[in-house]
Amino acid sequence: MSVLAETGTFLVSFFVPCKTKLFRGKTDGRRQNSAMDKRCLKLFGIGIAAAAFMSGCGQADSTASQADMADLGQETADPGTGAGGSGVSEKDSVVVVMTANSEPEAGFDPAYGWGAGEHVHEPLIQSTLTVTTQDLDINFDLATEMECSEDGLTWTVSIRDDVRFTDGEPLTAEDVAFTYNTLRDTSSVNDFTMLEEAVAVDEDTVEFHMTRPYSIWPYTMAIVGIVPEHAYGPDYGRNPIGSGRYILKQWDQGQQVILEANPDYYGDEVKMKEVTILFMDEDAAYAAVLSGQADLAYTAVSYAEGEVPGYSLLSCESVDNRGFNLPAVPRQTLGDGTVIGNDFTSDVLVRRAINIGMDRERLIENVLEGHGSPAYSVCDKMPWYYEGSQVAYDPEGAAALLEEAGWAMGADGIREKDGQKAVLEIAYPSSDSVRQAMAAETANQMKELGIDASIRGVGWDEAYTLAYQEPLMWGWGAHTPMELYNIYHTEEDTGLARYSPYANESVDQYMDEALAASSLEESYGLWQKAQWDGITGVTQDGDIPWIWLTNIDHLYWVRDGLAVAEQKIHPHGHGWSIVNNVDQWTWGTDGE
Amino acid sequence: MNQRKKTIFWLAASALFLLAVAFLGYLWRDEALVTDFSRKNLAPCLKYPFGTDFMGRDMFVRTVTGLSLSIRLGVLTAAASAIFAGVMGIGAAVLGKAADSAITFLIDLVMGIPHILLLVLISYACGKGFWGVAVGITLTHWTSLARLIRGEVMQLKSSQYIQIAAKLGQSRLQIAGKHMLPHILPQFFTGLILLFPHAILHEASITFLGFGLSPEQPAIGVILSESMRYLAMGRWWLAAFPGALLMICVLLFRVLGESVCRLIDPGSVHE
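Residue numbers (my numbering), protein chains in the order written: chain Z, -19 to 572; chain B, 4 to 274.
These are computed hints drawn from the structure, not numbers from a lab. None of these values were measured; they are calculated from a predicted model. Please note: incorrect hints may appear among the correct ones.
[Stated by the list, open to error] As a list, the in silico SDA-like pairs of lysine to any residue whose alpha-carbon atoms are at most 25 angstroms apart:
1. B/43 to Z/373
2. B/43 to Z/341
3. Z/401 to B/31
4. Z/427 to B/37
5. B/50 to Z/345
6. B/43 to Z/414
7. B/43 to Z/353
8. Z/427 to B/34
9. Z/253 to Z/414
10. Z/427 to B/43
11. Z/427 to B/44
12. B/50 to Z/349
13. Z/427 to B/31
14. B/43 to Z/351
15. Z/401 to Z/377
Next comes chain Z alone, as it looks inside the complex (with noise of 0.2 angstroms):
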């Protein structure tokens, strides 16, 4: 029994996941992923290090190490170029990195969530018939004209007669028709139910026929792209034909996507002519950025402590949200065995108490060094946010309220009620981090409170069922009032909200006027009433059912000289947002 080559093994399963990596840089002919190679150097340099003193089991790993010195050695040389910018083709391109799951896995398609996905933005290589404003009001990309029927169930679109598609074929009202139609019809991962059928009424005017009245389309309309009708199929993800601003020129699965300038474009010139697009995992993004082969890329609050030479850290404001939910009806069994519910924050009281009790300017501070602002709503900022959610730090307010539910201090420092002492777990997405950091910081917190509170990671196979019952740390925030309705609106069949239990008609009420509203304005007034009308609602002085904690940034490292275009408020999701504008970047004259 050789626990020297087991040893050697657990020590090569330390490096596997740079490993595969290091095999991808070398397939790659533009070598930008050398960098990953040197960290993975450094780490097989303390690997092989102990493997060796361990056992000779080292053989195939030293191989791999030989190969990552051939690498490093031309690697010495790159900086120098890569940071310089090498003449004009250096001044209209850019290098981005972004996560490694922000690549479109089944490409292009807003069918299968290009743009319309979990993680909203803009297709880029598709144009949409309307786009979202710096204050994410709606404006017009396609369209011309836009109107709502006074039943709201009938939504006329006119369209630019003047856009082709990047084949040379004109884009009518035929081509946004299919595109609605085909995505009600396939699309996985956005609700298009909403949509009975969209008519092309002549060559330029389009007619959606909705199922039931929803305001808010234009939020819809401003990330679906356009799909050509005589050139989709089962693999236009790969082969994706658009009138947008950018061409794809190239994708290297796994790699990178380079975008290239449509030349026939009809809105603004594209100054940013090409864009290469390179997926990595943090650390692999931080060696890009310290090697210089990025020119911007994203990186994480544990990165972005120290200098970089030649790059500055860029933050984005964002509304991409932390907080967790209190489940707001007692423990119970539903007739399908489910088990919802809490005996602790069924009580309002209690969840009040919490509300005020977080000091939301220390938690930004301790996990996310700053880089954060507080948070009140699922939709701080937005034109449908309701002012008055936000509120004061009070300790003594949320111990008073606590004392007020009959939740008296014990000796312990832990408050009880009729012998019960009041104990939460807050449960996290084990894979994150940042949030557990954030559910650490919230139940000690919680612990001043006299709430014995833990923390528990959790996958999200169960996260969902857990947090029935449980808090649950969780991440939202998008660029749709449809926030607000999927998290406080209740569903038919069991009579509560979707992810944390909770119901209260007035709100729901509100929310169906705000969909039912002729206009956007009128729906932006019934959203901020769902939240707060005067007599209830889901602030603080009403039911608060969820707990928001902080708005984190986006942070990214930038290469001195880049003008990166000012940025919309970021929705949840560290991914394509930040290149919603990438047409409009420019590199400094005085940037080398």
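Please arrange chain B on chain Z, whose structure you already have, making use of the hints.
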């Protein structure tokens, strides 16, 4: 000091060290979960010999608790799989042809699948966490010892004094208890102790890969996988110290196993 005394010394020293780790870790099990953001990301110093991590947890306490958890898990799984192996091994040898081929087939089956893969599958199926890992390790680590014991019993069965005992009218049970067991016990104990390091390393690997204990638990695999992201930032101590301590524990278990083997089966030294 003669060889025997030296062996006893090493045996005692490593046993003491491992017991101390196991005990201290048990004592600190609450402290290891404490997060204190006012002391996060500290380099090793006198107060925190292994430094602190991004949530301000004392890495020394956490590492010792992690190893203690590993050792306790190791005791449980090694004992369970050794007993399992003993039953299977003896069963294969004495229960006749059909049982033998069935058990041998099972051994080959388990050994034919890469350990770590089977471990991931079983742990996942058992809902991960402590019991997922425990069941996974038990069900994957009994095979080689079972095979060894089976061979030993087979050999004993055909030896003359056993056959004579049978001819003299001793029952199977008497033979098994009186003549076979004393021969098998040394193998059994050595095997048991040598299972420890396997169990500990596999617990660490599977947790490192994310199929074991959940991330807030002080487990050595969790500590190592968390430390990965900080290596690029130059915080090598987050990986190096816990890794080194894990290695020391594993090596000490090996010393322990070999010492026991030498003491209860002195002949093996000359093999």
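Structure-based check of all given hints:
1. B/43 to Z/373: Roughly 24 angstroms between the alpha carbons, so the hint for residue 43 of chain B and residue 373 of chain Z holds.
2. B/43 to Z/341: holds (17 angstroms)
3. Z/401 to B/31: holds (23 angstroms)
4. Z/427 to B/37: holds (12 angstroms)
5. B/50 to Z/345: holds (24 angstroms)
6. B/43 to Z/414: holds (14 angstroms)
7. B/43 to Z/353: With Cα atoms ~21 angstroms apart, residue 43 of chain B and residue 353 of chain Z stay inside 25 angstroms; holds.
8. Z/427 to B/34: holds (15 angstroms)
9. Z/253 to Z/414: violated (36 angstroms)
10. Z/427 to B/43: holds (19 angstroms)
11. Z/427 to B/44: holds (23 angstroms)
12. B/50 to Z/349: The given pair, whose Cα atoms are some 24 angstroms apart, holds under the 25 angstroms limit.
13. Z/427 to B/31: holds (20 angstroms)
14. B/43 to Z/351: The given pair, whose Cα atoms are some 16 angstroms apart, holds under the 25 angstroms limit.
15. Z/401 to Z/377: The hint holds at about 20 angstroms.
Figure legend: structure checked against the earlier numbered hints; the only hint not met is number 9.
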